[in-house]
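Read off the chains here:
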Amino acid sequence: MFLRNCWYAGAWSHEVEGEALLARKILGERIVFYRKQSGGVAALTDRCSHRFAPLSLGRREGDCLRCMYHGLMFDAGGVCVEEPGRKVPSPRTDIRAYPVVERWKLVWIWMGDPARADPALIPPCPYIDSPEWACIPAYMHFKADYRLVMDNLLDFSHLSFVHANTLGGSNTIAEIRPKIDQLEGGVRITRWYLGEPELAPYLKGIERFRGPVDRWNIYEVALAGCVFEMDSGSAPAGTGAPDGRLAPEAMHFHSIQIVTPEDERNSHYFWMYAHNFDLQNAALTKMLSDRVEGGFVEDRTMIEAQQQVIAETGDSGMAYIHFDNAMSLYRRMLSKAIAQEQEQAAAG
Amino acid sequence: MFLRNCWYAGAWSHEVEGEALLARKILGERIVFYRKQSGGVAALTDRCSHRFAPLSLGRREGDCLRCMYHGLMFDAGGVCVEEPGRKVPSPRTDIRAYPVVERWKLVWIWMGDPARADPALIPPCPYIDSPEWACIPAYMHFKADYRLVMDNLLDFSHLSFVHANTLGGSNTIAEIRPKIDQLEGGVRITRWYLGEPELAPYLKGIERFRGPVDRWNIYEVALAGCVFEMDSGSAPAGTGAPDGRLAPEAMHFHSIQIVTPEDERNSHYFWMYAHNFDLQNAALTKMLSDRVEGGFVEDRTMIEAQQQVIAETGDSGMAYIHFDNAMSLYRRMLSKAIAQEQEQAAAG
Amino acid sequence: MFLRNCWYAGAWSHEVEGEALLARKILGERIVFYRKQSGGVAALTDRCSHRFAPLSLGRREGDCLRCMYHGLMFDAGGVCVEEPGRKVPSPRTDIRAYPVVERWKLVWIWMGDPARADPALIPPCPYIDSPEWACIPAYMHFKADYRLVMDNLLDFSHLSFVHANTLGGSNTIAEIRPKIDQLEGGVRITRWYLGEPELAPYLKGIERFRGPVDRWNIYEVALAGCVFEMDSGSAPAGTGAPDGRLAPEAMHFHSIQIVTPEDERNSHYFWMYAHNFDLQNAALTKMLSDRVEGGFVEDRTMIEAQQQVIAETGDSGMAYIHFDNAMSLYRRMLSKAIAQEQEQAAAG
Numbered sequence: 001m002f003l004r005n006c007w008y009a010g011a012w013s014h015e016v017e018g019e020a021l022l023a024r025k026i027l028g029e030r031i032v033f034y035r036k037q038s039g040g041v042a043a044l045t046d047r048c049s050h051r052f053a054p055l056s057l058g059r060r061e062g063d064c065l066r067c068m069y070h071g072l073m074f075d076a077g078g079v080c081v082e083e084p085g086r087k088v089p090s091p092r093t094d095i096r097a098y099p100v101v102e103r104w105k106l107v108w109i110w111m112g113d114p115a116r117a118d119p120a121l122i123p124p125c126p127y128i129d130s131p132e133w134a135c136i137p138a139y140m141h142f143k144a145d146y147r148l149v150m151d152n153l154l155d156f157s158h159l160s161f162v163h164a165n166t167l168g169g170s171n172t173i174a175e176i177r178p179k180i181d182q183l184e185g186g187v188r189i190t191r192w193y194l195g196e197p198e199l200a201p202y203l204k205g206i207e208r209f210r211g212p213v214d215r216w217n218i219y220e221v222a223l224a225g226c227v228f229e230m231d232s233g234s235a236p237a238g239t240g241a242p243d244g245r246l247a248p249e250a251m252h253f254h255s256i257q258i259v260t261p262e263d264e265r266n267s268h269y270f271w272m273y274a275h276n277f278d279l280q281n282a283a284l285t286k287m288l289s290d291r292v293e294g295g296f297v298e299d300r301t302m303i304e305a306q307q308q309v310i311a312e313t314g315d316s317g318m319a320y321i322h323f324d325n326a327m328s329l330y331r332r333m334l335s336k337a338i339a340q341e342q343e344q345a346a347a348g
Numbered sequence: 001m002f003l004r005n006c007w008y009a010g011a012w013s014h015e016v017e018g019e020a021l022l023a024r025k026i027l028g029e030r031i032v033f034y035r036k037q038s039g040g041v042a043a044l045t046d047r048c049s050h051r052f053a054p055l056s057l058g059r060r061e062g063d064c065l066r067c068m069y070h071g072l073m074f075d076a077g078g079v080c081v082e083e084p085g086r087k088v089p090s091p092r093t094d095i096r097a098y099p100v101v102e103r104w105k106l107v108w109i110w111m112g113d114p115a116r117a118d119p120a121l122i123p124p125c126p127y128i129d130s131p132e133w134a135c136i137p138a139y140m141h142f143k144a145d146y147r148l149v150m151d152n153l154l155d156f157s158h159l160s161f162v163h164a165n166t167l168g169g170s171n172t173i174a175e176i177r178p179k180i181d182q183l184e185g186g187v188r189i190t191r192w193y194l195g196e197p198e199l200a201p202y203l204k205g206i207e208r209f210r211g212p213v214d215r216w217n218i219y220e221v222a223l224a225g226c227v228f229e230m231d232s233g234s235a236p237a238g239t240g241a242p243d244g245r246l247a248p249e250a251m252h253f254h255s256i257q258i259v260t261p262e263d264e265r266n267s268h269y270f271w272m273y274a275h276n277f278d279l280q281n282a283a284l285t286k287m288l289s290d291r292v293e294g295g296f297v298e299d300r301t302m303i304e305a306q307q308q309v310i311a312e313t314g315d316s317g318m319a320y321i322h323f324d325n326a327m328s329l330y331r332r333m334l335s336k337a338i339a340q341e342q343e344q345a346a347a348g
Numbered sequence: 001m002f003l004r005n006c007w008y009a010g011a012w013s014h015e016v017e018g019e020a021l022l023a024r025k026i027l028g029e030r031i032v033f034y035r036k037q038s039g040g041v042a043a044l045t046d047r048c049s050h051r052f053a054p055l056s057l058g059r060r061e062g063d064c065l066r067c068m069y070h071g072l073m074f075d076a077g078g079v080c081v082e083e084p085g086r087k088v089p090s091p092r093t094d095i096r097a098y099p100v101v102e103r104w105k106l107v108w109i110w111m112g113d114p115a116r117a118d119p120a121l122i123p124p125c126p127y128i129d130s131p132e133w134a135c136i137p138a139y140m141h142f143k144a145d146y147r148l149v150m151d152n153l154l155d156f157s158h159l160s161f162v163h164a165n166t167l168g169g170s171n172t173i174a175e176i177r178p179k180i181d182q183l184e185g186g187v188r189i190t191r192w193y194l195g196e197p198e199l200a201p202y203l204k205g206i207e208r209f210r211g212p213v214d215r216w217n218i219y220e221v222a223l224a225g226c227v228f229e230m231d232s233g234s235a236p237a238g239t240g241a242p243d244g245r246l247a248p249e250a251m252h253f254h255s256i257q258i259v260t261p262e263d264e265r266n267s268h269y270f271w272m273y274a275h276n277f278d279l280q281n282a283a284l285t286k287m288l289s290d291r292v293e294g295g296f297v298e299d300r301t302m303i304e305a306q307q308q309v310i311a312e313t314g315d316s317g318m319a320y321i322h323f324d325n326a327m328s329l330y331r332r333m334l335s336k337a338i339a340q341e342q343e344q345a346a347a348g
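Residue numbers (this note's numbering), protein chains in the order written: chain A, 1 to 348; chain B, 1 to 348; chain C, 1 to 348.
In isolation and in its complexed conformation, chain A is listed as follows:
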């Protein structure tokens, strides 16, 4: 059950350079990405129309991709432009091409009706390539239903437990009630932790100040493309952060986390964690990214274990608790959007 008429992050731009043929399954469909000689990225069904050999074992030729089993060649639009030994390719040899747009260092792919693939719908992720922010584009794979990964993002109470020694550090996170706003196409969550005794463990060694902290996580999670965009940070307590005044030594971050379903039980995870201070310090950028990745590995361990239990026992009968409101709202909105899309598709 996936939303189809939206842009999904299919790859980081740097994964599709030179002669690389990137095979990646998205919403259960095998896709091959490659960079055209003329620039830009193409995405084709990773299956030759002839005998179903994967095109990711093929060869890029100019802007085209040749199947290296029997030599059929396809252009970036999926049209079969060459069949060895024949002047004109045989009928019904064209394959599916997917609309693709490269933006924010990401390759976005449209998995639904191509006629509706409007680039204006690509989620804004300006902090990825802003010169005023520094980050490292990163990828992880989760052996879990994308909705379990989204659940995790929609309830930060887990920071007090899963990430007690990394991204969390305090029980306050689990005890606070976040503000939850329903948006047109997603959910906004606002969390403030005022007067925490110290910075979170993942900032140890890169502190810009000591002592009590006002900390925040303010983020939006979009239905379309499962995009999580967060403004977060820590400022010396009482210096006005909740009122929008940021002390010079405050540590301010923007993070993008995008969960692209691989199939019903596996997910791609594209993420970055950007800082806007000490911008030229590449070691800092790397250390911060490594620390955050350590936290995400903790998430993955828990979520994959949860997925295994659910695979065995089903997911009915889960208890609803007060933390679940954002997650529950998002799931309801998602199910409704998917149902609407399927009704529209059925109606023609």
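It should be emphasised that the hints constitute simulated quantities derived from the structure, not laboratory data.
As the structure is a prediction and not an experimental result, all values here were calculated from the model.
Glycine included, every Cβ here is placed at the ideal spot set by N, Cα and C.
Check the hints yourself; a few may be wrong.
Claimed, not checked - Below, a list of computed lysine to any residue pairs in the SDA-like style, where the Cα atoms sit at most 25 Å apart:
(1) LYS179(C) / LEU334(C)
(2) LYS143(A) / LEU329(A)
(3) LYS143(B) / ARG30(C)
(4) LYS179(A) / ARG86(B)
Stated by the list, open to error - Sample of chain B residues with no beta-carbon within 12 Å of chain A, all distances over it, derived:
(5) ARG4
(6) GLU17
(7) GLN37
(8) GLU132
(9) ILE176
(10) LEU194
(11) PRO197
(12) ILE218
(13) PRO236
(14) ALA282
(15) ARG291
(16) GLY295
(17) ALA319
(18) ARG332
(19) SER335
What the hints assert, rightly or not - Coverage of chain C stretches by chain B, computed from C-beta distances (three or more under 8 Å per stretch; other residues unrestricted):
(20) 37–50
(21) 53–60
(22) 66–80
(23) 83–93
Given chain A, put chains B and C in place with the hints provided.
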């Protein structure tokens, strides 16, 4: 198809010490065992009521177990005693706790109706912790239906073939007809091999005498908990062992082998092999245990291969031969007991 | 869907020497091959009639095979000749024996009605053990439906792509239209490439001449046993090879490739590649075999990837192109032969 209203061996006591959270599947159910700070062992469903994360990734706190995903905490009875950020936990957050009793260095768990969990029904295994016998508690895992493991135990003719160079050593074992007695809740098998030319291979290097041997295997196999308890030994031939007189140099053993179904196709195997001579000789105890384990590895190789064949081709059409009487009797009694239990459960 | 009433290559003779018990699945049936002490090879169901233990874990005794679980022994005809502790084996203990004939260094097995197992139907493979040809009997395993492997053999256009740097070397192969003849029980394919600029890459370092080449691949593919037998070679261009005159420096080969279905999705591949020049040069024979194997590894990579795609998406909707005529003809003939066989079997 399992008998449920009985005590199964769930763990050795030493597997559940300190902070250990032992995840083990029994009769297809995921269970987590842990030792309470106040002593005694608890067994809970290894699945948080909230989002189905495994509690075996959790943290023991006193006598309780906390889920380390979102922090719900359960007492040893499965009651949710804490939900972060709420004074009283949400409804329907309790989980299943299993009756557990620790005896004979084993943790026994009751998988059926808790109201019927009478500790008096725990199988007697006094040789495990008797000061007059020495043994090493051991565990193996079999990728096989527990009934195939029981079959193996119920027909010792295999000692002449599977264990020709270890536990067996003579074709006599396969040629003798054991005495088989049907008991109330199981089967007793009596095997005497009189005047065998020498001790079995697994006793090489630890012989207490040389020359012809009167050897015996007398054991009971219970339906409840799949418990095998054996008196066995080797005495100098003609010194009266069959009449109950044990020569001082006789080698006398007691063995416990318990097969706890993990699921339909996997089994836990708890065992020990005790001797009552040379009690202070820990090297002897270890060598004997290692030798017996070598034999059990031979069994496992054969039984797992047999399981694979059956998984592919089914198990109908097996030929019945004269060895099969004990095994066949036990299987019939087991099927009948399971059917009765299921009828009772259906009747309410 | 397999043809059953035919001889399949089950093993190379050298795989069944001494005490070896070769377990191999053929047409989805588990079989154990062994060499009788009196010579000749036996093939039995690899499953004891008693408790379904695999006989390949057993022990050869003379011309018989003993199950090493409980000791039943079977002769080469599958008759149970010994049950320990009983004078006459119990009823219904016999197992299936398969007709087997050893010829051309191969062990041929008949998977259908034994009454029809006529050794005269064994495919002729004289080049395997001819003193005038040198080759190395070789085996590979393919994780693919045997028909996908046959497809590969029936369309050599793939040499220009899969084997561009090994067995192929020129786009001519893909551009030429082969001559295709329907035979009684298979297909003959004739391919001539006249005036190619140079020898194929796999012959680099073992050339017997330089300069332009007349090259050919003339082969028959039989339905029965999936046997591919090829006459191929390269001669100096214009020296009369197409007319049957072979220049002394021509490089002439015979190859056998036999695809025995392991099950619906796996195949055994028995092959050799023989040369008739420089016969005493074992290093040449080895180098040639290694080069060809390198090409077959390329095939395997492609075919196994193709199999994975088909396993996921099915195989309907493949485009038919002009290369496919031989493959398509063979598939039609095979389907028809299988259907006929099944009708006959159903009719009794």
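Each hint tested on the structure:
1. LYS179(C) / LEU334(C): Answer holds: LYS179(C) to LEU334(C) is near 20 Å, not above 25 Å.
2. LYS143(A) / LEU329(A): holds (24 Å)
3. LYS143(B) / ARG30(C): Holds, at roughly 20 Å.
4. LYS179(A) / ARG86(B): Holds, at about 16 Å.
5. ARG4: holds (18 Å)
6. GLU17: Non-interface label stands for GLU17(B): nearest chain A Cβ at 23 Å, farther than 12 Å.
7. GLN37: holds (20 Å)
8. GLU132: Consistent with the label, GLU132(B) stays out of reach of chain A, its closest Cβ about 45 Å off (over 12 Å).
9. ILE176: holds (45 Å)
10. LEU194: For LEU194(B), whose nearest Cβ neighbour in chain A is about 52 Å away, the distance exceeds 12 Å, so it holds.
11. PRO197: Per Cβ check, PRO197(B) is outside 12 Å of chain A; nearest 53 Å; holds.
12. ILE218: holds (41 Å)
13. PRO236: Consistent with the label, PRO236(B) stays out of reach of chain A, its closest Cβ about 55 Å off (over 12 Å).
14. ALA282: holds (39 Å)
15. ARG291: Holds: least Cβ distance 38 Å, greater than 12 Å.
16. GLY295: Correct as stated: the minimum Cβ-Cβ distance to chain A is 34 Å, above 12 Å.
17. ALA319: holds (36 Å)
18. ARG332: holds (32 Å)
19. SER335: Answer for SER335(B): holds, closest chain A Cβ roughly 26 Å.
20. 37–50: It holds: at least three residues are needed, and the region 37–50 of chain C offers 4 whose Cβ sits within less than 8 Å of chain B.
21. 53–60: holds (count 3)
22. 66–80: holds (count 7)
23. 83–93: Coverage by chain B holds here, the residue count being 9 at a Cβ distance below 8 Å.
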